[in-house]
Amino acid sequence: MLHTGLLYKHIHKIHHKYSAPFGLAAEYAHPAEVFILGTGTIAGPLLYCYFMRNLHILTVYIWITLRLFQAIDAHSGYGMISVMFAIPQILLIHPCRKNLDFPWSLQHIIPFWSGAEHHDFHHMAFTNNFSTSFRWCDRLFGTDTKYQEYRARVQAMKASMKTATKQEQLVIEKRLLADVEAEGIRAEAEAEGSVPKTMKIQ
Amino acid sequence: MDYHRRYSIFPAMEAPAKQSPHPPRAVGVHEASSILAFHNRAPSGTFISLLSRIHGIDFLRLQIWLFHPMAESIGMSTYHVPLPSLKVMAPQIAFFFVFEDFFHYIGQFHNL
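Protein chains in written order, with my numbering: chain A, 1318 to 1519; chain B, 17 to 128.
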């Protein structure tokens, strides 16, 4: 995987420069990474075409366009449909916007869609949530354990603090996020080899 | 052409000729089709020409000379009509989404 050892240090690190990415950061990556991950985008249509023999290039173009929208959606911090409405803002603004989740984001319509919230956690925690479009892969391969823990902690916090004001809840949630980010920085340093390993990295 | 030049992000390399000594010729079918076939270069002022300038690669030529023959060799339609309907395309695109998602976990199948 791109998150270990030399592959990370020399290739995928560029894309992980932003621990809170914005829209354009989706395509901010090493050429070799574009080649490696682009294989996943192109190989699907090619294999399908080779075996099924009924594919039009227009379908491939639409697929690539949708895939680009997906990448921007996942890195924007917002949701899919908001991308359609506010492309310049979504692409360029890098806000402190962890709580700006729109009710019409795609992950509220399709529960297994990854979306920004899922992928933001990947850029923070580093060792979790590797998926592109859907959440089921990370569940299957057991690479979203920390994400599940974090969600459970937030839920528990919210349940125990029913009486607290919205402001106080946000403060505590921010603290939880800061913990995750600190751990992510540690994991990233280990993957790079700049500090000795303390735990197994996916 | 002038319209695109004026609004391209980088200024055109060569200034357009001010006044031709010859009266303008009628554009024949061959010339029009040669523009469409990108025999010269990507049309300026477009996103793909911007990409071409950044990377120093003409992506339209790459697509037409490398990707299209390869795609056709495995049976993909490129210039053919009628275009596929949404009913045909939607399941295919859904498959591509799922395929790419699993592609990223190639190194992780031992975790299953």
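These are computed hints drawn from the structure, not numbers from a lab. Keep in mind the model is a prediction, meaning the values are calculated, not measured. Glycine is no exception: its CB is placed at the ideal position from the N, C-alpha and C atoms. The reader is advised that the hints may include incorrect statements.
[Stated by the list, open to error] Partner residues are not named here, just some residues of chain B that face chain A (Cβ under 8 Å, in silico):
hint	residue
1	GLY61
2	THR94
3	ASP117
[To be verified] Just so you have them, the derived chain A footprint on chain B, three or more residues with Cβ under 8 Å:
hint	segment
4	79 to 91
5	95 to 102
6	105 to 114
[Unchecked claim] Computed beta-carbon distance windows for the label pairs:
hint	chain 1	residue 1	chain 2	residue 2	range
7	A	GLN1472	B	ILE64	22 to 28 Å
8	A	MET1474	B	THR62	35 to 41 Å
9	A	THR1462	B	LYS103	35 to 41 Å
10	A	GLN1472	B	ALA110	30 to 36 Å
11	B	LEU82	A	ILE1489	31 to 37 Å
12	B	LEU66	A	TYR1378	16 to 22 Å
13	B	TRP81	A	PHE1429	36 to 42 Å
14	B	THR94	A	LEU1487	50 to 56 Å
Of the hints given before, which are not true for this structure? Numbers 1, 7, 8 and 11 - these are the hints that the structure violates, sorted from lowest upward.
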